[in-house]
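Asker: Below are the chains, spelled out letter by letter.
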Amino acid sequence: MTQRARQIGDALLKVEGVHLSFGGVKALSDVSFEIREHEILAIIGPNGAGKSSMLNVINGFYHPQEGTITYKGETRKRMKPHAAAKTGIARTFQNIALFRGMSTLDNIMTGRLLKMRRNFLWQALYWGPAKNEEMAHRASVERIIDFLEIQSIRRTPVGRLPYGLQKRVELGRALAAEPDLLLLDEPMAGMNVEEKEDMCRFVLDVNDEFGTTIALIEHDMSVVMDISDRVVVLDYGRKIADGTPDQVRADRVVIDAYLGVSHDQSETAEQA
Amino acid sequence: MEILNAFFVAPFVDMGSDYIFFAEVVIAGVLTGVMYSLVALGFVLIFKASGVFNFSQGVMVLFAALTLVGLMEHGAPVWLALIGTVLVMIALAFAVEWVMLRRLVNQEEIVLFMSTIGLSFVLQGLGEMVWGSNVKALDIGIPSEPFEVGGILLNEFDLFAAASGAVLVGVLAVFFHYTRIGRALRAVADDHQAALSVGIPLRTIWIIVWSVAGMVGLVAGIMWGAKSGVQFSLSLIALKALPVLILGGFTSVPGAIVGGLIIGVGEKIAEIYWGPLFGGAIENWFAYVLALVFLLFRPQGLFGEKIIERV
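Just so you know, the protein sequences line up as chains A and B, in that order. Under my numbering, read the first sequence as residues 1 to 272, first letter to last. Under my numbering, read the second sequence as residues 1 to 311, first letter to last.
This is chain A alone, in the form it adopts within the complex:
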């Protein structure tokens, strides 16, 4: 993954000195890192390391007690979820959070809500333009459906779809918002090899074609080493390493803390 079409640029989002605790439980302590434009950043770490908490801080579900988030040059202490969405942060969830009663198409359409004209009363009064607008959004949703190869389930209520496809629809909804920063929380968890390969391809294609910056959490090391430009390692709420896959793979602290005592890790990683 070295010859990427897009050049990795400056920091798009910078997390500095973030502390987050729930009562007495420290979820994150003094975590700082940056996500650079057009890169694919993987956040890894054992269970309970604070990976999902980190994503939740970035898109405003959790408000850290200390620390700042600088996004697109604007520094703030806390983010609001819909403000995050408005400024181009889209995400998927570890436990799929789709609108189960709605069809694939409608689910992905919700991703475009923010792109629709501000004033819905206006929209109600002018049928024509509102209709054209809806058509335009439909067209771009259809492009996403083609891209993710889910044409055949367009009208199916997502509650009926198998797990792997639900994950794909969720990615589609996130993409519909045309995000600058895409946060993926374990996009490949619970998938079989084939589904994982598909998902990897989508993630890489999104990054390549649209230049979308992606931060993802993933447990499958071969996937992480394969597709990411940089890796941030968390353990017990602290950042213990940050660098290219090769650097992280060679890092003693990471091997001890996360990859365990087994020293054939590099082989495992290369198998994929």
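Simulated from the structure, these hints should not be mistaken for laboratory data. Treat the hints with care, as some may be off.
As the list claims (entries may be wrong) - Here are a few chain B residues that sit away from chain A, every Cβ distance over 10 Å (derived from the structure): (1) F55; (2) D158; (3) A162; (4) A187; (5) A194; (6) A195; (7) L196; (8) G199; (9) I200; (10) L202; (11) S233; (12) F250; (13) F294.
Unchecked claim - Examples of chain B residues toward chain A, derived with CB under 8 Å: (14) K48; (15) R183; (16) D191.
Claimed, not checked - So, partial list: chain B residues that the calculated Cβ filter (under 10 Å) puts toward chain A: (17) N155; (18) R180; (19) V198.
Backbone N, C-alpha and C define an ideal beta-carbon position, used for all residues, glycine too.
Could you slot chain B onto chain A? The hints should help.
Answerer: Leaving out everything else, chain B in the frame of chain A:
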């Protein structure tokens, strides 16, 4: 044989033989149905937006009517009292969002449902504390002269109620069907967290919906209050909205209308033509029996979304 005749033949013969009277019965039913629909609409709105059955909708109707009457008793002209009441209902929506909904994001539906039961007690107490608990007459100058069309006796008031119901439904239909807010509402009802992540401002949506439900409650309160006085029993008509919702489906605005009409017409006809066979007063329970039958054959209602569960 005689029983079969009394149940299945005689009533229809009666209907046919005095068709003007029958028409009057149907029209009376339709007009009552419109009133039921108005109450049911408030339920549907909130259910669509939060997946919560708002137990306090009936009390909201009472509260709106009480506020309106109270303001008028203090000497406010009708238009001012109306504006005042609308503002109070909007303030109520803000308060509900602030005190209740905001704290309960992502909680189980049953928790939210319980909180609306609590809200109904608070509202009822508040209404009576501020405006007193005696029965009040509500007169905002809706004409109520009876008149005749083709031998059928009609009342101006009922027509007025039906017309305002129709206007309200039209406005709501446009609001929810032709604006992006409709999809946003369904999204919010489905999954709070996911709705937030695609950028739907949850709180704004809730405030809008509760305000609209409050205003629908006000219209229902005006109609019922003008008809039978503003009193505590007003909040009990909410119970009549239940069979309407079961018939029409909890998520459908047209369903609330059609359901209301079916219940209204059904119970009037049943009362007049079959009532004597049961010793009268079947109007009170007919709706519930009808709802029960519907639950057996079409649990999602006439227009409700089919419940899909993957196992």
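Asker: Determine for every hint whether it applies to the structure shown.
Answerer: Status of the hints after comparison with the structure:
The beta carbon of F55/B is kept farther than 10 Å from every beta carbon of chain A, the shortest such distance being approximately 23 Å. Consistency note on D158/B: stated as away from chain A, and its beta-carbon is indeed over 10 Å from all of that chain's, at 30 Å minimum. With 10 Å as the threshold on Cβ separation, the claim that A162/B sits away from chain A holds: the shortest Cβ distance comes to roughly 24 Å. At the 10 Å boundary, the C-beta of A187/B falls inside the reach of chain A, the nearest C-beta of that chain being 5 Å off.
Listed as outside the interface, A194/B is inconsistent with that label: its C-beta sits roughly 4 Å from the nearest C-beta of chain A, within the 10 Å cut-off. A beta-carbon of chain A is positioned within 10 Å of the beta-carbon of A195/B; the least distance is around 8 Å. The beta carbon of L196/B is not kept farther than 10 Å from every beta carbon of chain A, the shortest such distance being approximately 4 Å. Chain A draws G199/B into its interface by the beta-carbon criterion, the shortest separation being 3 Å against a cut-off of 10 Å.
Here I200/B does not stay apart from chain A, with its beta-carbon only about 6 Å from theirs, under the 10 Å limit. Chain A draws L202/B into its interface by the beta-carbon criterion, the shortest separation being 7 Å against a cut-off of 10 Å. Every C-beta of chain A lies more than 10 Å from that of S233/B, the closest at about 36 Å, which supports listing it as non-interface. For F250/B, the condition that its CB be more than 10 Å from all CB atoms of chain A holds, with the nearest at approximately 12 Å.
Consistency note on F294/B: stated as away from chain A, and its beta-carbon is indeed over 10 Å from all of that chain's, at 21 Å minimum. Hint on K48/B is violated. Least Cβ distance to chain A is approximately 11 Å, over the 8 Å limit. Taking 8 Å as the C-beta contact cut-off toward chain A, the hint placing R183/B at the interface holds, the least distance being around 6 Å. With its C-beta approaching chain A no nearer than about 5 Å, D191/B sits inside the 8 Å limit, and its interface hint holds.
Contact between N155/B and chain A, as hinted, is not supported at the beta carbon level, the nearest pair being about 33 Å apart and thus beyond 10 Å. A hinted interface residue such as R180/B counts as satisfied when its beta carbon comes closer than 10 Å to some beta carbon of chain A; here the least separation is about 5 Å, so the hint holds. Interface restraint check for V198/B: the shortest CB-CB distance to chain A comes to about 5 Å, inside 10 Å, so the restraint holds.
Hint check: violations occur at hints 4, 5, 6, 7, 8, 9, 10, 14, 17; the rest are consistent with the structure.
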